[in-house]
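Peer 1: Here the protein sequences line up with chains Z and V, keeping their order.
Letter 62 of the first sequence, counting from 1, is numbered 62 in this note's numbering, and no numbers are missing.
Whatever position you read off the second sequence (first residue = 1), add 174 for this note's numbering.
Just to be clear, a hint being listed does not mean it is correct.
Unchecked claim - Chain Z is nowhere near these chain V residues, computed Cβ spacing over 12 Å in every case:
# : residue
1 : S212
2 : P214
3 : A217
4 : Q238
5 : E251
6 : K339
As the list claims (entries may be wrong) - Lysine-lysine pairs mimicking DSBU-like chemistry, simulated, CA-CA at most 35 Å apart:
#  : chain 1 : residue 1 : chain 2 : residue 2
7  : Z       : K154      : V       : K343
8  : V       : K339      : Z       : K12
9  : V       : K222      : V       : K339
10 : V       : K222      : Z       : K154
11 : Z       : K12       : Z       : K154
In case anyone wonders, no lab produced these hints; they're calculated from the structure.
C-beta: ideal position from N, C-alpha, C; glycine also.
Read off the chains here:
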Amino acid sequence: MNLLRLFLVFAKIGAVVFGGGFVMIPFIQREVVQHYGWLTQQQFVDAIALGQITPGPILISATFVGYKVQGLTGAVVATLAVFLPSFLMTALAARQLARLRRNPRVAGFLRGVLPAVVAMLLMAAITIGRSTLWFDWRLLLLACAALLLLVRFKVDAVYVVIGAGAAGFLLERG
Amino acid sequence: MPETAARCWISSQGRFPMPDRDIAPDIVPETPCPSRPSLPALAQVMLKVGATGFGMGMVGVLQQEAVTRRAWLSQQEFADGLALANLLPGPIAVDAAVYVGYKLRGWAGATVCLLALLIPAFVIMLGLTIGYLHYGQVPRLHGVFRGLNAAVVALVLAVAYRLGKSSLKSTAQGVLAAGALGAALLHISPVTVVLACGIIGALLLTPQPKVVP
Numbered sequence: 001m002n003l004l005r006l007f008l009v010f011a012k013i014g015a016v017v018f019g020g021g022f023v024m025i026p027f028i029q030r031e032v033v034q035h036y037g038w039l040t041q042q043q044f045v046d047a048i049a050l051g052q053i054t055p056g057p058i059l060i061s062a063t064f065v066g067y068k069v070q071g072l073t074g075a076v077v078a079t080l081a082v083f084l085p086s087f088l089m090t091a092l093a094a095r096q097l098a099r100l101r102r103n104p105r106v107a108g109f110l111r112g113v114l115p116a117v118v119a120m121l122l123m124a125a126i127t128i129g130r131s132t133l134w135f136d137w138r139l140l141l142l143a144c145a146a147l148l149l150l151v152r153f154k155v156d157a158v159y160v161v162i163g164a165g166a167a168g169f170l171l172e173r174g
Numbered sequence: 175m176p177e178t179a180a181r182c183w184i185s186s187q188g189r190f191p192m193p194d195r196d197i198a199p200d201i202v203p204e205t206p207c208p209s210r211p212s213l214p215a216l217a218q219v220m221l222k223v224g225a226t227g228f229g230m231g232m233v234g235v236l237q238q239e240a241v242t243r244r245a246w247l248s249q250q251e252f253a254d255g256l257a258l259a260n261l262l263p264g265p266i267a268v269d270a271a272v273y274v275g276y277k278l279r280g281w282a283g284a285t286v287c288l289l290a291l292l293i294p295a296f297v298i299m300l301g302l303t304i305g306y307l308h309y310g311q312v313p314r315l316h317g318v319f320r321g322l323n324a325a326v327v328a329l330v331l332a333v334a335y336r337l338g339k340s341s342l343k344s345t346a347q348g349v350l351a352a353g354a355l356g357a358a359l360l361h362i363s364p365v366t367v368v369l370a371c372g373i374i375g376a377l378l379l380t381p382q383p384k385v386v387p
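When you get a sec, could you build the whole thing from the sequences and use the hints?
Peer 2: Quick look at the structure:
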């Protein structure tokens with residue numbers, strides 16, 4: 001029962017992550033943390049961070065959730081489920097590519113989806129930030145520095161995550 | 175392992191492996207072309223891409239391996255694949271890998287590419303998860319996770335900024351984003367919000383047909 005639910009939740013998430021893997025964050029937060037309570041907010045954030053330092057797609061955080069819910073089987077099911085929709089759609093659409101790109105409805109759909117995705121990402125940042133950063137100005141500063149490195153200096157996300165982990169470790173000891 | 179070179183024909187659509195049966199009469203067989211790799215060869219490349227690329231970084235590795243080094247696809251075909259990946263849900267790199275697999279070897283190729291791409295990430299993530307669930311509660315590591323927290327907030331904001339810059343191009347889209355944020359604050363499910371905005375876009379934001387003078 002749990003496995004089926006796990007599959008359905010992740011297949012649903014996999015079907016709506018327009019704009020890249022990061023877009024999963026608000027969806028996973030809503031379903032996995034708030035709705036089913038499979039992870040705590042902290043575990044969820046850590047799962048995202050671990051997905052970031054793992055090579056491969058960011059969406060691999062699904063493995064973490066699956067494992068937490070149902071061990072190895074859960075990990076396999078959640079991982080396959082989250083990639084299944086985009087796999088099917090890509091293979092089915094590969095032949096129709098030229099037609100899809102010319103279709104004004106498809107273009108319009110994306111023009112509508114992407115602003116919503118931006119809003120969802122902002123919302124996710126607010127939710128995650130509120131639960132932790134708000135109470136600690138050093139962490140807030142660390143987040144600002146990380147943002148600056150990512151946006152202004154285009155530093156690779158892997159290094160930013162590893163650096164922030166190290167900085168957090170030092171802050172805690174100091 | 176040497177690849178058996180398939181005969182190819184060239185059309186305006188690109189390069190295709192020679193069909194076994196009916197050969198189009200007006201097409202002259204070309205010199206051997208290096209395309210159409212075996213499934214193990216595809217798997218090998220995708221394992222490498224999955225193990226060495228991080229997030230979007232995989233796209234670069236994939237291009238390097240499939241286009242530059244092996245010439246399985248032309249630059250244009252790969253760019254078409256990326257355009258498709260941008261249209262469809264799912265991580266760009268995964269969609270692109272599935273597209274490459276499908277283009278070269280049909281459904282079998284697409285499946286092999288997806289699985290091979292995921293295996294390194296899955297194994298590493300599984301190890302990290304087990305380690306985390308064992309040692310995540312160690313007090314000495316609390317600081318590390320708080321630091322990661324800050325990084326994740328920054329990452330999400332950076333992605334929002336990047337996507338916003340490239341996609342918020344009209345007042346209507348700004349209004350849509352504001353409306354979506356309002357809906358999220360009212361705890362409406364993100365899936366509902368995103369799909370609703372997509373439908374609104376398909377109805378109202380379709381590009382104007384170009385007027386030819």
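Peer 1: All hints are to be evaluated individually against the structure, with a verdict given for each.
Peer 2: We went through each hint and held it up to the structure:
With a closest Cβ-Cβ approach of about 19 Å to chain Z, S212(V) is found to remain outside the 12 Å limit, as its non-interface label requires. Chain Z leaves P214(V) outside its interface by the beta-carbon criterion, the shortest separation being 20 Å against a cut-off of 12 Å. Every beta carbon of chain Z lies more than 12 Å from that of A217(V), the smallest distance being close to 15 Å; the non-interface claim holds. Under the 12 Å C-beta cut-off, the non-interface status given to Q238(V) relative to chain Z holds; the minimum distance is some 15 Å.
Its closest Cβ contact with chain Z, about 10 Å, brings E251(V) to no more than 12 Å, contrary to its assignment away from the interface. The non-interface label for K339(V) is inconsistent with chain Z: the shortest C-beta to C-beta separation is roughly 9 Å, within 12 Å. The hinted pair formed by K154(Z) and K343(V) meets the criterion: a straight-line CA distance of about 23 Å does not exceed 35 Å. With a C-alpha separation of about 27 Å, the suggested pairing of K339(V) with K12(Z) holds against the 35 Å cut-off.
For the given pair, K222(V) sits about 32 Å from K339(V) by alpha-carbon distance, which is consistent with the 35 Å threshold. For the given pair, K222(V) sits about 24 Å from K154(Z) by alpha-carbon distance, which is consistent with the 35 Å threshold. The hinted pair formed by K12(Z) and K154(Z) meets the criterion: a straight-line CA distance of about 32 Å does not exceed 35 Å.
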